[in-house]
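S.K.: Protein chains in written order, with the UniProt record's numbering: chain A, 1 to 332; chain B, 1 to 332.
Calculated from the structure, these hints are not laboratory results.
Among these hints, one or two may not hold up.
Since copy identity is lost for identical chains, a pair holds within one copy or between any two.
[Unchecked claim] Under the rule of at most 25 Å between Cα atoms (straight-line distance), these lysine-lysine pairs were calculated in the DSS-like manner: (1) K271 x K33; (2) K205 x K20; (3) K205 x K19; (4) K233 x K306.
2 protein chains.
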Amino acid sequence: MTQVRNVKIVGTGKYLPSKKIHSNELDLVLGVKPGWVEQKSGVKMRSFIDNETASEMAAYAAIEAINASGLQKEEIDCIVSVSGTMQQPIPCNASLVQKQLGLSNSQIPCFDINSTCLSFVTGLDTISYLIHSGRYSNVLLVSSEVASAGLNWEAKESAILFGDGAAAAVLTKTPENESSNILAGHMETFSEGAHFTEIRGGGTKLHPNNPNAKYTDYLFDMNGKAVFKLSSKHIHPFMEKLLSYSHCTLNEIDLVVPHQASGMAMRILRKKLGIEEAKFMDILHHHGNTIASSIPMALHEAILQKKIQRGSKVMLLGTSAGLSIGGVVFEY
Amino acid sequence: MTQVRNVKIVGTGKYLPSKKIHSNELDLVLGVKPGWVEQKSGVKMRSFIDNETASEMAAYAAIEAINASGLQKEEIDCIVSVSGTMQQPIPCNASLVQKQLGLSNSQIPCFDINSTCLSFVTGLDTISYLIHSGRYSNVLLVSSEVASAGLNWEAKESAILFGDGAAAAVLTKTPENESSNILAGHMETFSEGAHFTEIRGGGTKLHPNNPNAKYTDYLFDMNGKAVFKLSSKHIHPFMEKLLSYSHCTLNEIDLVVPHQASGMAMRILRKKLGIEEAKFMDILHHHGNTIASSIPMALHEAILQKKIQRGSKVMLLGTSAGLSIGGVVFEY
Numbered sequence: 001m002t003q004v005r006n007v008k009i010v011g012t013g014k015y016l017p018s019k020k021i022h023s024n025e026l027d028l029v030l031g032v033k034p035g036w037v038e039q040k041s042g043v044k045m046r047s048f049i050d051n052e053t054a055s056e057m058a059a060y061a062a063i064e065a066i067n068a069s070g071l072q073k074e075e076i077d078c079i080v081s082v083s084g085t086m087q088q089p090i091p092c093n094a095s096l097v098q099k100q101l102g103l104s105n106s107q108i109p110c111f112d113i114n115s116t117c118l119s120f121v122t123g124l125d126t127i128s129y130l131i132h133s134g135r136y137s138n139v140l141l142v143s144s145e146v147a148s149a150g151l152n153w154e155a156k157e158s159a160i161l162f163g164d165g166a167a168a169a170v171l172t173k174t175p176e177n178e179s180s181n182i183l184a185g186h187m188e189t190f191s192e193g194a195h196f197t198e199i200r201g202g203g204t205k206l207h208p209n210n211p212n213a214k215y216t217d218y219l220f221d222m223n224g225k226a227v228f229k230l231s232s233k234h235i236h237p238f239m240e241k242l243l244s245y246s247h248c249t250l251n252e253i254d255l256v257v258p259h260q261a262s263g264m265a266m267r268i269l270r271k272k273l274g275i276e277e278a279k280f281m282d283i284l285h286h287h288g289n290t291i292a293s294s295i296p297m298a299l300h301e302a303i304l305q306k307k308i309q310r311g312s313k314v315m316l317l318g319t320s321a322g323l324s325i326g327g328v329v330f331e332y
Numbered sequence: 001m002t003q004v005r006n007v008k009i010v011g012t013g014k015y016l017p018s019k020k021i022h023s024n025e026l027d028l029v030l031g032v033k034p035g036w037v038e039q040k041s042g043v044k045m046r047s048f049i050d051n052e053t054a055s056e057m058a059a060y061a062a063i064e065a066i067n068a069s070g071l072q073k074e075e076i077d078c079i080v081s082v083s084g085t086m087q088q089p090i091p092c093n094a095s096l097v098q099k100q101l102g103l104s105n106s107q108i109p110c111f112d113i114n115s116t117c118l119s120f121v122t123g124l125d126t127i128s129y130l131i132h133s134g135r136y137s138n139v140l141l142v143s144s145e146v147a148s149a150g151l152n153w154e155a156k157e158s159a160i161l162f163g164d165g166a167a168a169a170v171l172t173k174t175p176e177n178e179s180s181n182i183l184a185g186h187m188e189t190f191s192e193g194a195h196f197t198e199i200r201g202g203g204t205k206l207h208p209n210n211p212n213a214k215y216t217d218y219l220f221d222m223n224g225k226a227v228f229k230l231s232s233k234h235i236h237p238f239m240e241k242l243l244s245y246s247h248c249t250l251n252e253i254d255l256v257v258p259h260q261a262s263g264m265a266m267r268i269l270r271k272k273l274g275i276e277e278a279k280f281m282d283i284l285h286h287h288g289n290t291i292a293s294s295i296p297m298a299l300h301e302a303i304l305q306k307k308i309q310r311g312s313k314v315m316l317l318g319t320s321a322g323l324s325i326g327g328v329v330f331e332y
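Just chain A, same shape as in the assembly (with noise of 0.2 Å):
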């Protein structure tokens, strides 16, 4: 059965905070060996906010992509925002960046898709049927990360990667005479890894004001060779499925949008997927990891560098907590 659907992206933004933390001076304050926290991580530079929160970084970035659209805020109709994050556990973030965007009364429904680093692939597949059937006309989809509040600066493999942001699409249903469209979508779940990537503390099993709960209970932890153990033995196959329901072979992509995962865990995938350097688009290196917000900032510059015009196609692609993998390839 095809999959396909008649959704453009007409509007992708990106924010980052003004603090930018070199890898040289996080060499310093980790006491470790100049240069070991870039060749780790493969980040030279990541964004930390100041002050700002994550609606206010997802509305700049939801505001230039709006722009790029051509549409006015009021025009959007459904606002999701599909972060890994939480700004607070009540209400929905959605809620908090349509209140951002001074768009309070406007009646638009707001809410969140989660799949951590995966939540905007998820939220295009899903939104995409909506568009596509016309119950929404222009969606907003935005992720809005602050990795650096849940960082564990103990565990200095892990922490060095990160990086805070925001980016943004705005989707429509494609015009008449225009090609661009949804291919197709997949995502797999892999629970036997639900424990490897995790946050345990500060929702409702460990609650923060839970007495024995210990700091590192509320921070970012992951067991980095369990996860790519597991997602070594899948992802292979799952592009293979995630072609087939495309109808496309892997040399008719135009380019690869991968989850900005780590220098490792991005160039162990694309060699073993085999695709070529000039066709996988990588920003690890300026923005570091930054969630859920990674594969819609690499596509906001792949749009800019121009390396995707109209008619081209494009595979996004990644794992995320879970253990999941998640990809959608549609064209441009």
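The hints should help you fit chain B onto chain A, whose structure is shown.
M.R.: Just chain B now, with coordinates in the frame of chain A:
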């Protein structure tokens, strides 16, 4: 444009934890006069977890729903958590539910949709487009809430409303010769009320390790009067729109399943909208407000109690933090 989706609810289930809290016990604990808690909340008894986790409760409800559907759990091809709370910040709830269901190597895609108390309604509305189009065949929607973890007993009037519990539904495409379908869905968000109902702390803005946070920052806080005023203003035109999208009159609706917010909220809603008592599903008395589980739990009870038959027209309707109003009309 018609919104009709050929989607059938083929099974539902619920789970309540075994610890029962009667309102007359709370009268004593809170030092109020006998009868105050029940009179104020409309709740006679609610259930609180003993040591169940949200994903355990979700799995119990899910198994009941899957059994009722006649499917095997391995036939589920998408698991969507539709809860207003999270068990832990990473990974998403649905992955933890997959693991709890013993499906950890099943590859079933797992993600969360969150619009606080309306999460089930938003999830049903959204995911039904993917079922209608053939993307997924058998979807498990599950809400599981540990409200008790975040209650502020110094704010008696809101704390006494809530209960813990889970509810689930299995959705499939409607078989050829049957008439079950989703007639319409609608949602409106008014973020002028984003801070009327909130838990401020525990996310990236006020992280659990923030030394300046007070313990009440991590607890539920509601300005009931402001919520009431804003939702009262919009609920009637909202329902009129939902009915018009459904090509239905209120008279043709066999049962309204409202969010079980509070005794007073439900009474006022019913009268304001002109819904007769016999057509208004009320399980508040023995469940309390179980956040996003409220609506699917009341739906499950309505099916068990035969208030809904195949062919019945049902309206799910509620408000949530955000502030959002949402609803779905379907033929069961």
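S.K.: Can you give me the call for K271 and K33, within, between, both or neither, at a CA distance of at most 25 Å?
M.R.: neither (29 Å within a copy, 71 Å between copies)
S.K.: For K233 and K306, with the copy left unspecified, which applies at a CA distance of at most 25 Å: within, between, both, or neither?
M.R.: Neither: 33 Å inside a copy, 48 Å across copies.
S.K.: One pair to classify: K205 and K20, alpha carbons no more than 25 Å apart. Within, between, both, or neither?
M.R.: between (35 Å within a copy, 19 Å between copies)
S.K.: How do K205 and K19 come out at 25 Å by Cα distance, when the copy is not named: within, between, both, or neither?
M.R.: For K205 and K19, only the inter-copy Cα distance (17 Å) is at most 25 Å; the intra-copy one is 34 Å.
When each numbered hint is compared with the structure, violations occur for hints 1 and 4.
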